[in-house]
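Could you put the whole structure together from the sequences, leaning on the hints where they help?
Each chain is listed here by its residues.
There are 2 protein chains.
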Amino acid sequence: MALHVVIMAGGKGERLWPLSTHNTPKQLLSFGLEKSLLRATVDRTAGLTDKEHVYVVTNTAIADKVHEQLPDLPRENILAEPIGRNTAPCIAYAAAMISLKDNNSVMAVFPSDHLVGDPEGFTRALRFALDALKTYPHLLITLGMVPDHPETGYGYIAPGEILFSDEGFKLYKVNTFHEKPGREKALEYMEEGCLWNAGMFLWRVDTILEEFRQHTPGMYDDLMALRASMKQGRDKIAAFYERVESVSIDYAVMEKTRNAATIPAEFGWNDIGSFDAIGKVLPPDGHANVVSGDVVLEESSGNVVFSSGKKIVVMDAKDLVVIEGEDAILVCPRDASQRISALVKKMVK
Amino acid sequence: MALHVVIMAGGKGERLWPLSTHNTPKQLLSFGLEKSLLRATVDRTAGLTDKEHVYVVTNTAIADKVHEQLPDLPRENILAEPIGRNTAPCIAYAAAMISLKDNNSVMAVFPSDHLVGDPEGFTRALRFALDALKTYPHLLITLGMVPDHPETGYGYIAPGEILFSDEGFKLYKVNTFHEKPGREKALEYMEEGCLWNAGMFLWRVDTILEEFRQHTPGMYDDLMALRASMKQGRDKIAAFYERVESVSIDYAVMEKTRNAATIPAEFGWNDIGSFDAIGKVLPPDGHANVVSGDVVLEESSGNVVFSSGKKIVVMDAKDLVVIEGEDAILVCPRDASQRISALVKKMVK
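So the protein lines, in turn, are chains A and B.
Following the numbering used here, the numbering of the first sequence begins with 864 at its first residue and continues without gaps.
Following the numbering used here, the numbering of the second sequence begins with 864 at its first residue and continues without gaps.
No wet-lab data here; the hints were simulated from the structure.
All C-beta atoms, glycine included, are put in the ideal place defined by N, C-alpha and C.
Residues from chain B that face chain A, not an exhaustive set, calculated with beta carbons under 7 Å: (1) K1173; (2) K1174; (3) I1175; (4) V1176; (5) M1178; (6) D1179; (7) V1185; (8) D1190; (9) A1191; (10) I1192; (11) L1193; (12) V1194; (13) C1195; (14) P1196; (15) A1199; (16) L1206.
Okay, derived cross-link-like pairs now, EDC-like style, lysine to aspartate or glutamate, Cα gap no bigger than 16 Å in a straight line: (17) B:K1174 to A:D1190; (18) B:K1173 to A:D1190; (19) B:K1099 to B:D1084; (20) B:K1209 to A:E1162; (21) A:K1181 to B:D1182; (22) B:K1181 to A:D1198; (23) A:K1181 to B:D1198; (24) B:K1209 to A:E1161; (25) A:K1209 to B:E1161; (26) A:K1174 to B:E1189; (27) A:K1181 to B:D1179; (28) B:K1181 to A:D1182; (29) A:K1174 to B:D1190; (30) B:K1173 to A:E1189.
Next up, the structure:
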């Protein structure tokens, strides 16, 4: 049974503005690492499936850039959404396309803009999930990250009864999904053994289509029309996206189904959703500064500084974010860096 | 008796790097004001003398830019030093040139990169000084700024006996010059009625040449050789600057002569020697931020932010300096901004 991998690369990268922009969002950037986040995400799947079975769903504006970064993927595997409509339509679109080729297959879904510190651990978790699906073909499996701090920026997954266990991994039914909590709730969730919702999924293609039919019947009908048009070689993708509601897979399916399951996993996952997070993930200098490009630091510690061309000099500063993008420069304290995307939205208005 | 004005514009502008650079130093910049500091300095002398009697001493690298900013000055009035050698050689060079034309004249010397908030007050103080020189032709008069805070960044002048008084102004003998003090000393000087040394001078040309002869005989001999060469239309300026010692007029003459006098004056003077000083002088927004260019501030107060092209976004910041120059970006707390020039010197090494 072939594994099809769907990588969601439609993010606009507002949280890491101005390094990341609508034209060159986060997933296309490398942040001083060897590869872009997208390239690394594709490469992480190398031990699991062939390149012909890897699909990237992105937006039309950056589809060419995505193809440039992934010349080893068939061009037709890069699916361009005419409008961003959150994760449910994106996953539905990919599922419809895959079902045309191979309805009796498994589909894994990954965000394109996360970091995985231990790719082998990632592969092991995925192998276990694939194995579990053989016994439980109706399950919608989500990888749950074991928290190491009471993060308020993620949703949490509360595991229920244990279903299956092998090679150190365990498969649980999901009891419930929790929204992003406040500080106290986050501590409580962590103590209760809840997991971070990282947006990584594994399910059979026929299963997810059936779930869409049950929980989003309107979208399902449109999806079947789209699927029929694809079968006939006619492109009705624009019509589908014009009609479809913008909704997350969590809200549309995962929180409604009785078949959600989760596998607790630890493989150095980080969604690097802010410059503060980047500062915690990338290798620091001797004064806990994380820098990239032509940067001079004088009596400064704990700063995150990225130059895109100009020399950046930071003097006497502590825990600041200083980012030079192509068109803009951002300066704020690290602990304010999660609020950038709200500010970017406000400025665009 | 004609007044010749000498404007010293050889400064390298390291204190306001990276806005100010060796190629475009502070005196050529406007900092969001109507005119460059140099242009404003020239214009301030309009009520005192003709443009033909205004000389600008600068360095060869920026002489053309100086001329561009001052097209109304005769080109030959822009004197280019091949090497910067501090203020004594600069003043000596100008004095030698003026003495060739008009030895029986008065010469005023001003820095080119200071701000004067009350130009009429400046003119009145100068008129009083000119008047005083008629009675006391041997004096070397320096305008002393009445301090409004115990600044540690300036030298201080201790006035002695009063010589002359008119129209609210007073002329004092100088008792002594004090080096830049520490915080406590500065308070003491201020309470004793000392004045800030602003580097603005007025004296007869024959007087200053005689003072050079007495206190810097070696330079004086070289200066007379230079003067003789200028008289013959041959340019020996390079030879003079190669031999001459780098020394300030304060150290070479003012601190040694018995003829130093001072006039306390208040005309909104500021040497804007740091971005912190700029923040105190330029008009702030409602949150005490001083900004120039494409700048967006979010929950930020007391910052000094200059954009040279890119949009600068500052969020949740207090009392920071954020400066985008042509080639570099500086970020530091306002109270560290006086240390920039030391850092620039260190980086160039």
